[in-house]
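Chains as they are written, first to last, in the numbering used here: chain B, 419 to 528; chain F, 354 to 466.
FYI, nobody ran anything at the bench for these hints, they're computed from the structure. In this text, a Cβ means the ideal position worked out from N, Cα and C, and glycines have one as well. Treat the hints loosely; a few may be bogus.
For lysine to any residue, the following SDA-like pairs were computed, each having C-alpha atoms within a straight-line distance of at most 25 Å [claimed, not checked]:
#1 LYS367/F <-> GLY458/B
#2 LYS488/B <-> ARG447/F
#3 LYS477/B <-> TYR456/F
#4 LYS488/B <-> THR451/F
#5 LYS362/F <-> ASP379/F
#6 LYS362/F <-> LEU463/F
#7 LYS477/B <-> VAL413/F
#8 LYS488/B <-> LYS367/F
#9 LYS477/B <-> SER444/B
#10 LYS362/F <-> LYS477/B
#11 LYS474/B <-> LEU463/F
#12 LYS475/B <-> GLU454/F
#13 LYS475/B <-> THR451/F
#14 LYS474/B <-> ASP379/F
#15 LYS474/B <-> VAL413/F
#16 LYS362/F <-> GLY458/B
#17 LYS362/F <-> VAL462/B
#18 LYS475/B <-> TYR453/F
#19 LYS488/B <-> GLY450/F
#20 LYS488/B <-> GLU454/F
#21 LYS362/F <-> ARG454/B
#22 LYS362/F <-> VAL413/F
#23 LYS477/B <-> GLN455/B
Away from chain F, derived, C-beta distances all over 10 Å, residues of chain B [what the hints assert, rightly or not]:
#24 PRO426
#25 ASN436
#26 GLU472
#27 ALA486
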Amino acid sequence: TQLLEQSPQFLSIQEGENLTVYCNSSSVFSSLQWYRQEPGEGPVLLVTVVTGGEVKKLKRLTFQFGDARKDSSLHITAAQPGDTGLYLCAGFRTGNQFYFGTGTSLTVIP
Amino acid sequence: NAGVTQTPKFQVLKTGQSMTLQCAQDMNHEYMSWYRQDPGMGLRLIHYSVGAGITDQGEVPNGYNVSRSTTEDFPLRLLSAAPSQTSVYFCASRRGGTSYEQYFGPGTRLTVT
C-alpha cells in the first residue's frame, strides 16, 4: 500500500488550461516535496514545503501544504507544453526516509 | 561538477545472475539512497546511507545489498536477480541534516529475463 496517493493518475489538457494535482495521505509528514520527471531522466525537485498551511509559488506553479501536514496540492495556471511530465510528491518522515506518491502523468497539448 | 552519476544506463540479466549498479556523487553529500521505480507505484526506497560506513534498509530491501566505504560511492548489489527486480533504479543524494533537497541520477533500466 502506498503511503501517499496522487490524483489524478493521468491528465491530458489543452495549452492555456488550469489544473490541480492532489497528494493525499493519512500520515503526517515533516515536509513534503514536489518533483517533475521527464522520460529517461531522474526526478528534479521543484519545491519543498515544511509548515502546515504553507503556500509557495514558482512562476505559474502554486504549491500548498495542508494544515495538518497530511496532504498537498500543485496548481498550474495556463499550462504550457513544457509543463508535460510526470509529477511526483514525496513526504519526509523521521527515520531519514522519503515516501513517494504514485505519480501524475501530465500531457499539455499545443 | 557532474552531480550524481549512475552506470550502466541499461542492463539485461538472466534469472540468478548477480550484478552491481554503480552510483557516485561529487557534491560531498552525507546522505545517499537507492530507489526503484515501477509503473503506477512512484519511487520506493530500497536502502539508504547517512554517511560512510552506515547503511539502513528502506521499504523494499529484500534481494539487494549495499555498502558505503567512501562518501562519494554507494553501489547497489543484486545477489541473485529475479524477474520481479525488473525496474528502473535511481540513486539520489542530499546534504543531510535539515536539508531535504535530493539530487537524482539519470537511472539504470534493468531487465531480468
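TODO: Please name the hints from earlier in the document that this structure breaks, with their numbers sorted from lowest to highest.
DONE: Structure breaks hints 7, 8, 9, 10, 11, 14, 15.
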